[in-house]
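Peer 1: Listed below are the residues making up each chain.
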Amino acid sequence: MLTWLSNNAPECDVVVSTRIRLARNLADVPFPARISQPDDIEKVHNQAKQCLMKSPEFSYQRLSSLSELDKRALIEGHVISSDLARCKNGGLIVNGDQSLSVMIMEEDHYRLQGFGAGLSLFKTYNLVDRLDQMLAGEVEYAFDDNLGFLTSCPTNVGTGLRASLMLHLPALSAAKGIPRISSMIGKVGMTVRGAFGEGSAASGAFYQISNQVTLGVTEKEILMRLLSIASKVIDFERNTRQELYSNMGPALEDKIWRAIGVLKYARRMTDAEAQKLISDVAFGVSLGIVSDVTSSQLYRIMMNTRPAIIAHESGLLQAQDRDAARAEMLRQVFS
Amino acid sequence: MLCDQCLKNQATVHMTTFVNGQVKTVHLCSQCAARKKGSVVIPWFSFNDFLSAFYDEDEGADVVCEGCGTTLASFKKEGRLGCAQCYKTFESSITPILKSIHMNTRHTGKHPGERVSVEPGKEAEASEAEQHKEQLKKELLHAVSVENYEEAARLRDEITLLEKEGS
Numbered sequence: 000m001l002t003w004l005s006n007n008a009p010e011c012d013v014v015v016s017t018r019i020r021l022a023r024n025l026a027d028v029p030f031p032a033r034i035s036q037p038d039d040i041e042k043v044h045n046q047a048k049q050c051l052m053k054s055p056e057f058s059y060q061r062l063s064s065l066s067e068l069d070k071r072a073l074i075e076g077h078v079i080s081s082d083l084a085r086c087k088n089g090g091l092i093v094n095g096d097q098s099l100s101v102m103i104m105e106e107d108h109y110r111l112q113g114f115g116a117g118l119s120l121f122k123t124y125n126l127v128d129r130l131d132q133m134l135a136g137e138v139e140y141a142f143d144d145n146l147g148f149l150t151s152c153p154t155n156v157g158t159g160l161r162a163s164l165m166l167h168l169p170a171l172s173a174a175k176g177i178p179r180i181s182s183m184i185g186k187v188g189m190t191v192r193g194a195f196g197e198g199s200a201a202s203g204a205f206y207q208i209s210n211q212v213t214l215g216v217t218e219k220e221i222l223m224r225l226l227s228i229a230s231k232v233i234d235f236e237r238n239t240r241q242e243l244y245s246n247m248g249p250a251l252e253d254k255i256w257r258a259i260g261v262l263k264y265a266r267r268m269t270d271a272e273a274q275k276l277i278s279d280v281a282f283g284v285s286l287g288i289v290s291d292v293t294s295s296q297l298y299r300i301m302m303n304t305r306p307a308i309i310a311h312e313s314g315l316l317q318a319q320d321r322d323a324a325r326a327e328m329l330r331q332v333f334s
Numbered sequence: 000m001l002c003d004q005c006l007k008n009q010a011t012v013h014m015t016t017f018v019n020g021q022v023k024t025v026h027l028c029s030q031c032a033a034r035k036k037g038s039v040v041i042p043w044f045s046f047n048d049f050l051s052a053f054y055d056e057d058e059g060a061d062v063v064c065e066g067c068g069t070t071l072a073s074f075k076k077e078g079r080l081g082c083a084q085c086y087k088t089f090e091s092s093i094t095p096i097l098k099s100i101h102m103n104t105r106h107t108g109k110h111p112g113e114r115v116s117v118e119p120g121k122e123a124e125a126s127e128a129e130q131h132k133e134q135l136k137k138e139l140l141h142a143v144s145v146e147n148y149e150e151a152a153r154l155r156d157e158i159t160l161l162e163k164e165g166s
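These protein sequence lines map, in sequence, to chains E and S. Take 0 as the starting number for the first sequence in numbering that gives the first Met the number 0 and just add one per residue. Take 0 as the starting number for the second sequence in numbering that gives the first Met the number 0 and just add one per residue.
Here chain S stands alone, though its shape is the one from the complex (with noise of 0.2 angstroms):
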């Protein structure tokens, strides 16, 4: 995200001033966010001071990507990668970030011009289902309440059926 103030520089500093009653928010770069002077101040967190959580400091800070030129030190900074190569080059920096975001380090989604099979149909057939679960489940309560335990022990069998088709 460009600085809204000099539309030049990365904005790292994200402020909500109240100016005259009115609440804003204002995306700046550290330069023109130190001339900014006067309104009442909250820095928030950026998602990237989240993710600088995950870094070691300052290690191998100097390392740079033969294919466009990025840092460490840069990748850290603006949690941007700079081309396909960084992604090997920085790949033990990048490595615990993505297990922290998506709990996973592996694609296992389609390759490129690969056709993803979804079928328009199948999504109300899933909704329909999940409503043919639910009653399924009341009607198991119900039949564990009446001490109907051949129903219940049916319909049981039933929805873990249900489940594992969905799944």
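Only chain E is shown next, with the shape it has when bound in the complex (with noise of 0.2 angstroms):
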């Protein structure tokens, strides 16, 4: 179960969550896509587990222990790549609410990512920057003078820091605003993309959007201009919200109590249904129109009904069980 998406979150009517993710890579060990040596495979797990299995908050495992639910549970937690789940040396050292891992032999040794919720890049940036403190000052990191820290792709180069923020768009993504925000974000060197499924249209309106650059610029320029652009977005998303409300408000309503009676009631629902319906909902708390619920607590309850989540906690693995256990979660939030 996702904890760390905690109540009364910076921004949170519009700002899902945050994500930083920094690469980083040994520095006298082939990268992953080269590694043949098994004392090399070792040191690269060893390293990390000997520098933050101090901290009593982490736990760590090797994908190889994990059964195939685990991992597809971790993914949809965002805790884990599908990526690392392939891998057959893959490691993973992680906190107790997930909110801090470090994935180990994915396309880089280690990936070190933090979660937060609502827009909050310092603070996450902040934990993930002491976790790779940690790391720095017991491994020797393959770092460059001039181009920063090396990573096993060209396009994570230099400070290797990839912050996101995933965001609930319905306004926009409601007057067809996507393409164009989309088009003038990567003129600034950032991307937007939909939050589930690989570039397919979103379901329920969510969006991540990242930056693109890594080097060449700081930490710190990275995510004041994340932060700059995802304040216009939020400022956008805010003002064609109250527009489309004075528009076709009475329209607007009916489908927010629908998706209310809907999720109140229903004795199945998918995932991609679920997604909707609380999108819609969403959408009728940050207008006042909802008040017996928060933008958090639906966020917290869409993660949790997410497929392998379920079937990893309650062990249903039939598609039509899940449904209906998803359905029950969603009831007992709306009664």
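These are calculated hints, taken from the structure and not from any lab test. Ideal Cβ positions, reconstructed from N, Cα and C, are used throughout, including at glycine. There is no bait here: all hints are sound.
In silico DSS-like cross-links for lysine-lysine, where the CA-CA straight-line distance does not exceed 30 angstroms:
| no. | chain 1 | residue 1 | chain 2 | residue 2 |
| --- | --- | --- | --- | --- |
| 1 | E | Lys231 | S | Lys98 |
| 2 | E | Lys186 | S | Lys137 |
| 3 | S | Lys76 | S | Lys98 |
| 4 | S | Lys98 | E | Lys186 |
| 5 | E | Lys219 | E | Lys231 |
| 6 | S | Lys137 | E | Lys231 |
| 7 | S | Lys98 | E | Lys219 |
| 8 | E | Lys48 | E | Lys219 |
| 9 | E | Lys175 | S | Lys23 |
| 10 | S | Lys136 | E | Lys219 |
| 11 | S | Lys7 | E | Lys87 |
| 12 | S | Lys7 | E | Lys48 |
Simulated coverage check for chain S against chain E, where a stretch passes if three residues somewhere in it have a Cβ under 8 angstroms from a Cβ of chain E:
| no. | segment |
| --- | --- |
| 13 | 0-7 |
| 14 | 65-74 |
| 15 | 93-107 |
If you follow the hints, you should be able to join the two separate chains into one complex; please do so.
Peer 2: Right, dumping it as structure tokens:
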């Protein structure tokens, strides 16, 4: 269960969560694509383990010791990537609420990640930076004075920092504004994509915005730029919400109350339908139409009713059983 | 990314298929892709296809990195470097890629072990400053529209000052 998505997070009417990722490699070991010596692989695992396991908040796992279901639940919780799940030498160091983790032997030796609720770029960055300093104190990173942190793919070299925000943009998406925003954001070295599923039209209007450029800018500049762009997008979204409400109030209210009706009484619900309905209700919360749930509660239940996460918690392997369990979890929230 | 089918080779073919009205994207290696038939297949560009636009055709393809055995040919094919030393070995091929992706070739960020000072409080301040600036811009437009140029000049200077502080 996902617990770090706390209540009353900053700008949570639009920003679901913040994610910070740092790509790091050891200096004297080939990168994962070329690593072959078992000793080298052990070294990558052990150095991170020895350094971070001193802190009792972390636990370590070999990916090979996890079941397929464990892995899928971690993927849905965004703790690991599907690439890491497929990697036979992969490892994971993670804290109790899964808000801080290190993927071992993914595309790079280490991918340090942190999550925060709402717009919390600086706070989340500080947590990951502390992890980075802990590691840097004991291991020798692949680092070049000119190019910065060296990574397996040249797209990450320099700071190795990828900062992203998950945004809920129901109004901009209804007003067909996403392609425009996307092309504008592309011009300043950032990117927007659907938060669920690769490049597909996002169900429920959840989008991810992140920096593309990692070299020639400082960490602080990356964060500040993303923050400025995000502030703009947040303003656009809020204005469009008001605009939509003043133009089509009754139709919008009808849609939102219908969503609540279905969430309150349905006996079976797919993941995609839940995302769509939760998106509608969250829209209603931000306009003050709905007041007995909060947007954080909605995001949390959306993340915790993803298929593999339900299967992992309840052992339900059949899709229709999970759909029934999902409907029940949602009914409890809305009753 | 590994091939979805054999889970061994690097996936180089990314395709979207339409089967019984369902859209599905699969990532396959060239061998598995060749074996797959029967469905409508749309090959997608991979990121690496774009990168290859920046290489000179076959120039120095047999250069080998002493650190890990990666050849320039395999870097061009897979888009992945094998070790830290590769950045020196293939410098002349990597530099144009860095320029096109990052518009830059020089790291200005932190060094290992350094701490980046970002204060969480600044985040709220930054978005407040942004709002304040927007407000001033609205006031500026108003001042110009009522021909109060003295006030407009004052507002313009204040906005310029804020923009300098923010950058």
